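Colleague: If you read the sequences in order, they're chains A, B, C and D. Residue numbers for the first sequence follow full-length UniProt numbering, beginning at 1 and rising by one. Residue numbers for the second sequence follow full-length UniProt numbering, beginning at 1 and rising by one. Residue numbers for the third sequence follow full-length UniProt numbering, beginning at 1 and rising by one. Residue numbers for the fourth sequence follow full-length UniProt numbering, beginning at 1 and rising by one.
Hint data in this document are derived by calculation from the structure and do not stem from the laboratory. From a predicted model like this one, the values you see are computed outputs, not experimental measurements. Beta carbons are placed, not taken as given, at the ideal position from N, Cα and C, and that holds for glycine. Please note that the accuracy of each hint is not assured.
To be verified - Simulated restraints, written as ranges between beta carbons of each label pair:
#1 D:ALA98 with C:GLU26: 42 to 48 Å
#2 B:GLY52 with D:ASP30: 28 to 34 Å
#3 C:PRO196 with D:GLN54: 55 to 61 Å
#4 B:GLN54 with D:GLY36: 23 to 29 Å
Said to hold, decoys possible - Calculated pairs, DSS-like style, for lysine-lysine (alpha carbon to alpha carbon, straight line, at most 30 Å):
#5 C:LYS53 with B:LYS53
#6 B:LYS53 with B:LYS19
#7 C:LYS19 with A:LYS53
#8 C:LYS53 with C:LYS101
#9 C:LYS101 with A:LYS53
#10 A:LYS101 with A:LYS53
#11 D:LYS101 with B:LYS19
#12 D:LYS19 with B:LYS53
#13 D:LYS19 with D:LYS53
There are 4 protein chains.
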Amino acid sequence: MSVGAEKPVEHRGRPRSEKSRVAVLEAAADLMAGCGFQELTIEGIAAAAGVGKQTIYRWWGSKAGVVVEALAEGFLEMPLGVPEDTGDLRGDLGAWLAALKSEIEEPEVSRLIQTIMSALTSAGETSAAMHSALVQPIMAGLDARFQEHDRNHPGGLAAPPSFLAETVGASLLLRLMFSRPLTTEWIDQLLDLVVPSGRPDSP
Amino acid sequence: MSVGAEKPVEHRGRPRSEKSRVAVLEAAADLMAGCGFQELTIEGIAAAAGVGKQTIYRWWGSKAGVVVEALAEGFLEMPLGVPEDTGDLRGDLGAWLAALKSEIEEPEVSRLIQTIMSALTSAGETSAAMHSALVQPIMAGLDARFQEHDRNHPGGLAAPPSFLAETVGASLLLRLMFSRPLTTEWIDQLLDLVVPSGRPDSP
Amino acid sequence: MSVGAEKPVEHRGRPRSEKSRVAVLEAAADLMAGCGFQELTIEGIAAAAGVGKQTIYRWWGSKAGVVVEALAEGFLEMPLGVPEDTGDLRGDLGAWLAALKSEIEEPEVSRLIQTIMSALTSAGETSAAMHSALVQPIMAGLDARFQEHDRNHPGGLAAPPSFLAETVGASLLLRLMFSRPLTTEWIDQLLDLVVPSGRPDSP
Amino acid sequence: MSVGAEKPVEHRGRPRSEKSRVAVLEAAADLMAGCGFQELTIEGIAAAAGVGKQTIYRWWGSKAGVVVEALAEGFLEMPLGVPEDTGDLRGDLGAWLAALKSEIEEPEVSRLIQTIMSALTSAGETSAAMHSALVQPIMAGLDARFQEHDRNHPGGLAAPPSFLAETVGASLLLRLMFSRPLTTEWIDQLLDLVVPSGRPDSP
DNA sequence: ATGTAAACGAGACGGTACGTCCAGTCTTCCG
DNA sequence: CGGAAGACTGGACGTACCGTCTCGTTTACAT
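Let's have the full structure, built from the sequences with the hints guiding it.
Modeller: See below:
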């Protein structure tokens, strides 16, 4: 009689509707793109998703929760891309930052970043979840690139790769948060600090 | 050429009440300390200040504006202190960060920081004003310290002092934003990056 | 052939709360008695009824609407009574008007009448509804009395009963509206006009 | 001792500005024509008149007071006209009521009447003043006509002329208040009651 | 001429209520 | 029993006016 195979859950009554779950996340992602976090409302999400408010409260409990899941599941992408890898770490990072520079001149992109950051800070208790959903991936991307560089040029980095990644990410995000421009000078200085300039590839 | 004695101002109607202005800023500062930015309401500020709502809308237009002015005028202080100066830059920074580390364990301090950062990100159009009201002073404090160090140990810094100040500030704030702990390892790594440890003073 | 069973109503979502409906009407009636129509506020009604403002706006849309319904459903009575019937129409009307005369000397009664009339005139689009809710019943009462008299004394009335009822009602209300006293002379003249005095019962 | 000569007035300081007084009354009259009494505001009048609010409060104290004076001084006319006099009282009244019938079909006229009546009922303490400013003149006009008729045809009226005038006025105003139509039947019945039809002139 | 004093326009003040929006909860019916 | 629909209490929003209160500016009389 032992059923073996774990009943995945004690399961009674109607199962959760995947359709509703996805509809909510998609609606949230759509609305996020078009307005600030403050203006994003549970009612708005429910209406756009064709879903009862209760369904959202049942499964997420707050709009921050919905946003976190939407980001974690890729319904909404932090529009920051990832640096390429041509073997020249400094050059790659420079190119990446330059691309960002032109990208955030589009108001839509700029707003989306601010919206996400605002969601982060408004989150309170969920800020850790937010961090891992949002910031971690970016850091991870940078980290991988720094790791590789480190392997090729041991001792050429001023600090552990993961730390440098975090530093770059923090500087970038804070700059975007305050709508300050990514000037060429600023980019150069950041690169100088993080990938000590010029000489690193020469022994 | 006589400058013609500037008309002091074209002034009609009852003049603005300084008493109300101060009452609003004080009330906002008090309330900020006790709750999040989301929970801070215009009605609450008006009631606490003994002021009509219209008076707030007349002069500030949004709660973010009130918070910016309260900060700019020192009614509310960003509880981050400023590093001492004993001649040992690295040591001073380390001590400062260590002090912060214990300080932000108090929930009140931690909440205040998050509140202010939330106000910043919610500000939208005023984010630049927010930046100069809040972040600039911290940066300026760090900057001064780095400048002095640079003068004493030319070439000992990995990047221009002001840039290092910004980097330290950004890393710190973002860490606080996400409620991540200021570990000793993190502090050490930051110092290693910014004030290349040990060696710089030896030829 | 069965008519297909009238859809009882297409009914979705939580049904309207009768408790709230009654609470609002009772609260409005209570408040009306104690203040003018101008001083009667939606917020006051909502608070007194323990109801959200939205509930009032959802179902009535204006305070005039609430007052109309309160009157129509008898939560608030126009304090004008109805003439008795002893067989002597002129005497009955005289007694009724005399009773009113002393009654409206109480400021509370006087204020309530003015309040209701003010609600009527402020109503605008709903003035027809107001009329049928308020004035019609009074008229109807008078009408019945005149009808009966007419039956007993054919030709003794100067105009159709319903018209005489309307005339008496209009004269009375306008007099109350302007806070002018119901003097004995005025009453006598009205009766003389409407129930041609003395002689009608003699052939 | 001889008091004699009244000090014309103890008069110090700047005298009241007639220009402002007139501007206020004109502004009030203009605004009354375009909106309801409820929507008529002191601030609106002050702005339209180019006058400080205090000037209105100094001299009138309430918008009802302004309206009363505007009516009393003829800045705003109750659009009811006055019956002609061709010797045939019944015919003249009939013609007058018929003219009104078509006139009040214009929404502007209808609204103005309701506005004035609303001002009356909202007035409270000033309702007596309102009455003499507004209703009295109409009554007076009717009264004069009835008086003359009475002189020509003694005993031909069912009640004292002034009373009949009041009755006609009251019936008319209440009908207008409730936006009920002035039908031909209603007019005929009123005339039958007030100027007993046909026979009175024949012996 | 020069006070002195009241009325003036302007407009900010503390308030009250407006009508709207949304939060989060609750009830009902449907599948 | 999950989910949509939607009504519920509660409370902040930003606006409109209230009636009061300064301001600086006329404008008249009384020195």
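Colleague: Hints first: check each against the structure and report whether it holds.
Modeller: Hints, one by one, checked against the model:
With their beta carbons about 46 Å apart, ALA98 of chain D and GLU26 of chain C fall inside the hinted range of 42 to 48 Å. The hinted window of 28 to 34 Å between GLY52 of chain B and ASP30 of chain D holds, with their beta carbons roughly 30 Å apart. Checking the proposed 55 to 61 Å range against PRO196 of chain C and GLN54 of chain D shows it holds: the Cβ atoms sit about 58 Å from each other. A beta carbon spacing of about 25 Å between GLN54 of chain B and GLY36 of chain D agrees with the range 23 to 29 Å that was offered as a hint.
Among the hinted pairs, LYS53 of chain C with LYS53 of chain B is consistent with the structure: their alpha-carbon atoms are about 20 Å apart, no more than 30 Å. At roughly 15 Å between alpha-carbon atoms, LYS53 of chain B and LYS19 of chain B fall within 30 Å of each other, so this suggested pair holds. Note on LYS19 of chain C and LYS53 of chain A: the hinted pairing holds, with a Cα-Cα distance of about 24 Å set against a maximum of 30 Å. A threshold of 30 Å between alpha carbons decides the hint, and for LYS53 of chain C with LYS101 of chain C the separation of about 39 Å lies outside it, so the pair is violated.
Between the alpha carbons of LYS101 of chain C and LYS53 of chain A the distance comes to roughly 59 Å, so the proposed pair goes past 30 Å and is violated. A distance of roughly 39 Å separates the Cα atoms of LYS101 of chain A and LYS53 of chain A; the hinted pair therefore is violated under the 30 Å criterion. With a CA separation close to 60 Å, the supplied pair LYS101 of chain D and LYS19 of chain B exceeds the 30 Å bound. Pair hint LYS19 of chain D plus LYS53 of chain B does not hold up; C-alpha atoms about 36 Å apart against a cutoff of 30 Å.
Distance check on the hinted pair: LYS19 of chain D and LYS53 of chain D sit about 15 Å apart at the alpha-carbon level, within 30 Å; holds.
Hint check: violations occur at hints 8, 9, 10, 11 and 12; the rest are consistent with the structure.
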